[in-house]
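Take the sequences, apply the hints, and build the full model.
Here are the chains, one letter per residue:
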Amino acid sequence: MAGTLDTAWALRWMRETARVIAVERAALIDLDRAIGDADHGENLDRGFTAVLGKLDAADAPATPATVLKLVAMTLMSTVGGAAGPLYGTAFLRAATSLGDAGEIDAAQVATMIAAARDGIVARGKAEPGDKTMVDAWTPAADAATTAAREGSAAAAVLAAAADAARSGAEATEPLLARKGRASYLGERSIGHRDPGAVSSALILQAAADAAGDGTP
Amino acid sequence: MAGTLDTAWALRWMRETARVIAVERAALIDLDRAIGDADHGENLDRGFTAVLGKLDAADAPATPATVLKLVAMTLMSTVGGAAGPLYGTAFLRAATSLGDAGEIDAAQVATMIAAARDGIVARGKAEPGDKTMVDAWTPAADAATTAAREGSAAAAVLAAAADAARSGAEATEPLLARKGRASYLGERSIGHRDPGAVSSALILQAAADAAGDGTP
Amino acid sequence: MKKLINDPRAVVDESVEGFGVAHADLVTVHADPLFVVRRDAPVQGKVGLVSGGGSGHEPLHAGYVGRGMLDAAVPGPVFTSPTPDAIIPATTAVDGGAGVLHIVKNYTGDVLNFETAAEMAEADGVRVRSVLVNDDVAVEDSLYTAGRRGVGGTVLVERIAGAAAERGDDLDGVAAVAQRVVDGVRSMGVALAACTVPHAGVPSFELADDEIEIGIGIHGEPGRHRIAMEDADSITQRLLDPITADLQLTSGDRTIVMVNGMGGTPASELYIVFRRVAQLLEGLGVTIERSLVGNYITALEMQGASVTVLRADDEMLELWDSPVHTAALRWGV
Amino acid sequence: MKKLINDPRAVVDESVEGFGVAHADLVTVHADPLFVVRRDAPVQGKVGLVSGGGSGHEPLHAGYVGRGMLDAAVPGPVFTSPTPDAIIPATTAVDGGAGVLHIVKNYTGDVLNFETAAEMAEADGVRVRSVLVNDDVAVEDSLYTAGRRGVGGTVLVERIAGAAAERGDDLDGVAAVAQRVVDGVRSMGVALAACTVPHAGVPSFELADDEIEIGIGIHGEPGRHRIAMEDADSITQRLLDPITADLQLTSGDRTIVMVNGMGGTPASELYIVFRRVAQLLEGLGVTIERSLVGNYITALEMQGASVTVLRADDEMLELWDSPVHTAALRWGV
Ligand SMILES: Nc1ncnc2c1ncn2[C@@H]1O[C@H](COP(=O)(O)OP(=O)(O)O)[C@@H](O)[C@H]1O
Ligand SMILES: Nc1ncnc2c1ncn2[C@@H]1O[C@H](COP(=O)(O)OP(=O)(O)O)[C@@H](O)[C@H]1O
Ligand SMILES: [Mg+2]
Ligand SMILES: [Mg+2]
Ligand SMILES: [Mg+2]
Ligand SMILES: [Mg+2]
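Residue numbers (our numbering), protein chains in the order written: chain A, 57 to 272; chain B, 57 to 272; chain C, 5 to 337; chain D, 5 to 337.
In case anyone wonders, no lab produced these hints; they're calculated from the structure. A quick note: this is a predicted structure, and the numbers were derived from the prediction, not measured. Hints are supplied without guarantee of correctness; some may be wrong.
Claimed, not checked - Restraint ranges, calculated between C-beta atoms of paired labels, are given here:
hint, chain 1, residue 1, chain 2, residue 2, range
1, B, Val79, C, Met5, 19 to 25 Å
2, C, Gly256, D, Asp325, 52 to 58 Å
3, C, Leu147, A, Ala82, 52 to 58 Å
4, D, Gln283, C, Met5, 38 to 44 Å
5, C, Ala35, B, Ala114, 45 to 51 Å
6, C, Val206, B, Ala114, 34 to 40 Å
7, C, Gly205, A, Ala178, 52 to 58 Å
8, C, Leu147, D, Glu286, 52 to 58 Å
9, C, Leu288, B, Glu229, 42 to 48 Å
10, A, Ala113, C, Met5, 50 to 56 Å
11, B, Glu229, C, Val206, 18 to 24 Å
12, A, Ala78, C, Ala232, 45 to 51 Å
13, A, Gly155, D, Asp176, 57 to 63 Å
Unchecked claim - When the alpha-carbon atoms are kept at most 25 Å apart in a straight line, the in silico DMTMM-like pairs for lysine to aspartate or glutamate are as follows:
hint, chain 1, residue 1, chain 2, residue 2
14, A, Lys110, D, Asp36
15, C, Lys6, D, Glu210
16, A, Lys181, D, Asp89
Said to hold, decoys possible - Residues of chain D clear of chain A, computed beta-carbon distances all greater than 10 Å:
hint, residue
17, Glu126
18, Ser134
19, Val206
20, Leu211
21, Asp213
22, Gly221
23, Glu225
24, Glu234
25, Gln252
26, Glu286
27, Pro327
Glycine is no exception: its CB is placed at the ideal position from the N, C-alpha and C atoms.
If you want it as structure tokens, here you go:
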């Protein structure tokens with residue numbers, strides 16, 4: 057597994073995310089239909105398809121942060137809804153946290169995920185347990201910090217974050233929503249997974265997979 | 057069976073018609089849904105319910121013609137659609153053909169049915185075979201004329217007319233409609249019975265039943 | 005069947021009552037027999053315009069009562085033409101001395117009931133003329149049918165004849181303008197899903213998930229033929245082609261176009277249809293001078309649309325633009 | 005799913021294009037990024053009004069662009085708020101020097117995207133203020149929800165604030181009027197059948213033949229609770245009671261009432277609901293000074309309705325009556 061991650065990893069991450077979101081598009085729409093307005097998968101698919109187009113059209117990006125900043129701007133201007141600004145902010149904060157590093161290590165990965173989480177919280181004002189994507193990003197950030205502190209390689213930190221995000225997304229099922237569209241449903245929001253938490257877990261899994269793939 | 061028919065028969069006829077139409081309301085709506093606009097049963101039920109109300113409120117009518125004229129006016133002002141003016145005219149002409157006779161014999165019954173048929177044709181301009189109520193009234197009028205000429209009693213004339221009307225209504229099934237709403241369907245009108253022909257047969261059967269019932 | 009109604013038999017009465025309350029500045033509702041007149045009826049010296057027919061086509065006709073359009077509307081039961089006993093008092097109520105024009109959609113029931121009413125109103129001393137609207141190109145106009153149905157064109161006839169009456173044209177003049185509109189207007193419709201007549205309780209016809217009905221009317225009756233679902237541009241062409249053919253529209257012709265929703269179609273879809281109509285007419289060199297896009301003549305909650313095209317001349321356009329103030333059409337006032 | 009569309013992903017673009025062609029006298033459509041502005045924008049010296057949000061609510065918002073109402077509308081994808089890159093140029097395009105008011109329906113997505121856009125437009129030198137519409141009494145307005153949704157009240161805010169801007173009020177003044185309307189308006193809705201989002205292809209929720217959803221929004225989301233079908237009068241009471249309670253309406257209060265169709269409801273049914281609203285308010289001694297009955301803010305082809313009540317004062321009524329000329333609301337001109 058990779059001790060550090062480079063710009064190629066960031067590009068693989070985004071291509072893998074776009075692929076997975078396209079595959080999971082309908083499933084995410086279904087989740088959003090249950091407690092929202094049936095567009096989450098469509099919104100993200102539109103956004104990451106645009107990301108692919110932007111990456112293809114752009115000059116070869118110099119750093120991981122260059123990639124993530126482009127992603128942030130593209131999501132912000134193509135996703136819309138709640139997820140657009142939230143993911144846009146997440147990727148922007150993630151990019152900013154990386155500065156102009158060409159290679160990022162385990163600690164930087166953990167910082168990056170925490171920065172993304174903090175951006176989402178700053179933007180959306182949701183707390184853990186409100187049944188939002190925060191419930192995927194918060195355990196992911198915590199797991200990444202722990203893994204980095206315990207000396208894991210960058211790829212392993214991502215894997216730990218992805219695992220935690222998936223568990224976090226699953227754990228949204230019994231929650232009563234207090235933010236976003238699902239909160240309108242009151243008690244009826246219970247028993248469904250939050251679509252944004254699920255897509256967040258997919259994005260972090262794509263990051264881990266991109267890291268795992270790219271190393272001998 | 058009755059040699060002649062009186063005002064009581066006319067009243068029984070209308071009460072029996074109202075009862076039968078109420079029972080067949082949904083079936084007539086279904087027939088009209090197939091090749092029309094799903095209101096024939098509703099229209100007639102509304103009309104004959106109003107007829108009952110008018111008969112209850114009116115002074116005891118002097119002659120069969122008094123009854124039929126009241127029915128004509130009531131149908132004209134409550135049924136609407138194509139059937140309202142057509143049945144209204146039919147009953148008006150039937151009434152007129154009877155003059156102020158208190159008892160009507162077989163020949164008068166035949167004349168009455170032919171007058172009703174002629175009224176419908178004058179009003180609606182349909183020819184036999186156009187898949188309308190004319191296809192019930194024309195064989196009914198012919199059968200009544202024949203029966204009367206052959207010396208049948210008034211009630212038997214009505215029974216012959218009712219039988220012929222029912223056959224005529226059944227025979228509309230393979231026809232292509234050329235008048236009324238069903239004509240808009242062209243070829244697609246084939247294979248369905250005409251609702252107005254079916255309701256006409258019901259009305260004539262009610263006349264026969266009212267005559268059969270009322271005699272020793 | 006789920007509908008926002010109380011009693012299926014009270015639908016029309018209660019709905020028209022609500023209409024009267026909502027538009028008390030425009031109309032007066034007479035409850036029994038049921039008809040709706042302009043609040044200031046009869047307008048002295050003006051030809052009165054009366055239309056009516058089965059209910060379920062709202063805003064037609066009551067929504068078009070008011071200045072520059074109808075003087076009275078006579079709503080029958082759902083999809084059932086009203087009876088003479090309602091048409092007659094509506095006719096006399098709007099006679100300002102200049103006579104009354106009946107605008108009748110060509111259905112056997114409407115024709116017979118208005119015919120009787122006209123005769124009886126004339127016997128009461130009202131001069132009555134009638135114009136028959138028969139714009140539906142889905143129906144062959146031949147000896148072997150009841151003739152073309154009156155559909156979307158009715159809205160245009162009511163507006164333009166109403167403007168002529170408001171301008172002060174006499175009865176013959178208003179009837180002549182109305183007839184010119186009838187002669188120049190054609191329509192065709194499509195259904196994606198049927199409607200449910202309240203007293204019937206089940207849909208008027210059943211369409212599979214991939215079927216549509218082409219050439220439907222406004223009474224939930226099945227159309228001329230059933231085809232597999234297509235995209236909006238193809239369907240629009242199927243509706244427009246028979247119209248342009250029948251009207252023999254050619255380059256330089258000017259038109260008024262209505263893209264009408266049948267009651268259950270989102271406005272967004274109507275604009276997609278309109279977009280295609282505009283493209284196709286532009287391809288023919290035909291200009292759209294005025295347009296309406298929305299629910300103007302419906303079939304309850306039917307999903308579908310109709311396209312109406314009127315070949316318009318200067319006078320029609322001028323009449324079109326004159327002030328109109330009704331519940332459903334309003335401009336210039 | 006059967007819809008009059010071509011490509012589910014082109015629905016909004018094609019529909020707005022058709023809208024632009026149909027209403028070329030009123031609006032200009034910018035295709036990419038997509039927004040709609042008053043044809044005479046920017047109006048020098050006038051406060052510009054911008055609203056927007058997910059599409060599928062037509063005629064909201066593009067149908068309300070024009071004199072006396074909005075200067076620009078920004079339509080997002082179906083049920084998805086637009087992005088700042090469209091809101092920003094719409095904002096700058098309608099700034100006539102007096103600043104711009106954003107009218108934002110209270111949904112997380114709309115709030116976040118308009119917030120970002122406002123910041124960035126301000127950075128470009130446009131003075132921007134925002135008003136948040138949150139009139140849906142079906143949603144508890146508490147710390148534990150995203151707050152009440154913006155629904156039918158939006159139409160009334162846009163009309164009355166638009167009139168204030170047209171009158172020449174400055175940015176703070178227009179924002180204050182808009183806020184006063186927000187404070188005095190409440191809504192609640194019911195669904196009899198769900199809608200189908202084009203890209204989703206299946207209905208947003210499933211209701212049995214005898215079930216309805218009370219407290220729905222305008223995005224095909226399920227409502228607060230599901231109950232057995234009832235008659236129109238009972239349903240109307242369920243919608244109106246929470247509104248009158250929340251507004252604490254009492255005898256002598258004057259109101260503007262909107263009975264709104266969700267897209268698939270016949271006008272006749274809306275008038276039956278309006279009839280009952282009028283009866284109930286009359287029972288409370290509350291007068292309906294003005295009313296709208298029709299499809300004003302929809303959820304695609306959803307079957308259902310909403311009731312909106314604004315406690316109105318003299319100024320609001322005066323602003324309401326001033327000329328308005330948009331595709332969907334027009335009077336006095
Ligand atoms: N205030 C918030 N903070 C964090 N996440 C939120 C917030 N509001 C909504 N979300 C997330 O956004 C997701 C919905 O995204 P999407 O469906 O694309 O937007 P919309 O709700 O506008 O349709 C939810 O599942 C939830 O995870
Ligand atoms: N021109 C006509 N001549 C004779 N009968 C006709 C004619 N047009 C229609 N009908 C009869 O009327 C019946 C339909 O009646 P109804 O459904 O009540 O009226 P509508 O067609 O106006 O809805 C048809 O089944 C047919 O028998
Ligand atoms: Mg969503
Ligand atoms: Mg019928
Ligand atoms: Mg009928
Ligand atoms: Mg959304």
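Right, here's what the structure says about each hint:
Between valine 79 of chain B and methionine 5 of chain C, the C-beta spacing of about 22 Å keeps the proposed range 19 to 25 Å intact. In this structure the hint that glycine 256 of chain C and aspartate 325 of chain D lie 52 to 58 Å apart at CB is violated, the actual value being about 43 Å. A hinted range of 52 to 58 Å holds for the C-beta pair leucine 147 of chain C and alanine 82 of chain A, which are about 55 Å apart. Distance hint check for glutamine 283 of chain D and methionine 5 of chain C: the Cβ-Cβ separation is about 24 Å, which falls outside the suggested range of 38 to 44 Å.
Evaluation of the 45 to 51 Å hint for alanine 35 of chain C and alanine 114 of chain B yields a failure: the beta carbon distance comes to about 24 Å. Under the hint 34 to 40 Å, the C-beta atoms of valine 206 of chain C and alanine 114 of chain B, about 37 Å apart, fit the expected range. For the hinted restraint 52 to 58 Å between glycine 205 of chain C and alanine 178 of chain A, the CB-CB distance of approximately 55 Å keeps it satisfied. Taking the beta carbon of each, leucine 147 of chain C and glutamate 286 of chain D are about 56 Å apart, inside 52 to 58 Å as hinted.
A hinted range of 42 to 48 Å for the beta carbons of leucine 288 of chain C and glutamate 229 of chain B is consistent with their spacing of about 44 Å. The supplied range of 50 to 56 Å is met by alanine 113 of chain A and methionine 5 of chain C, whose beta-carbon atoms lie about 54 Å from each other. Between glutamate 229 of chain B and valine 206 of chain C the Cβ separation comes to about 22 Å, which falls inside the hinted range of 18 to 24 Å. For alanine 78 of chain A and alanine 232 of chain C, the Cβ-Cβ distance of about 28 Å falls outside the hinted range of 45 to 51 Å, so the restraint is violated.
Take glycine 155 of chain A and aspartate 176 of chain D: their Cβ atoms lie about 42 Å apart, and the range 57 to 63 Å is violated. Annotation: proposed proximity of lysine 110 of chain A to aspartate 36 of chain D holds, straight-line Cα distance about 16 Å (limit 25 Å). Taking the CA atoms of lysine 6 of chain C and glutamate 210 of chain D, the gap is about 14 Å. The hint holds against a cut of 25 Å. Restraint check: the Cα-Cα separation between lysine 181 of chain A and aspartate 89 of chain D comes to about 23 Å, which is no more than 25 Å; the hinted pair holds.
For glutamate 126 of chain D, the shortest C-beta to C-beta distance to chain A comes to about 17 Å, beyond the 10 Å cut-off, and the non-interface label holds. Consistency note on serine 134 of chain D: stated as away from chain A, and its beta-carbon is indeed over 10 Å from all of that chain's, at 15 Å minimum. Distance check on valine 206 of chain D: its Cβ comes as close as 8 Å (rounded) to a Cβ of chain A, failing to clear the 10 Å threshold; non-interface status is violated. Its beta-carbon lying about 14 Å from the closest one in chain A, leucine 211 of chain D satisfies the requirement of being farther than 10 Å from that chain.
With a least CB separation of 21 Å from chain A, aspartate 213 of chain D remains clear of the 10 Å interface cut-off, as annotated. Against the 10 Å criterion, glycine 221 of chain D falls within the reach of chain A, whose nearest CB is about 6 Å from its own CB. Once the 10 Å rule is applied to beta carbons, glutamate 225 of chain D is inconsistent with being away from chain A; the minimum gap is 5 Å. Listed as outside the interface, glutamate 234 of chain D is consistent with that label: its C-beta sits roughly 20 Å from the nearest C-beta of chain A, beyond the 10 Å cut-off.
Every beta carbon of chain A lies more than 10 Å from that of glutamine 252 of chain D, the smallest distance being close to 23 Å; the non-interface claim holds. For glutamate 286 of chain D, the requirement that its beta carbon stay farther than 10 Å from each beta carbon of chain A is met, with the minimum near 32 Å. For proline 327 of chain D, the requirement that its beta carbon stay farther than 10 Å from each beta carbon of chain A is met, with the minimum near 34 Å.
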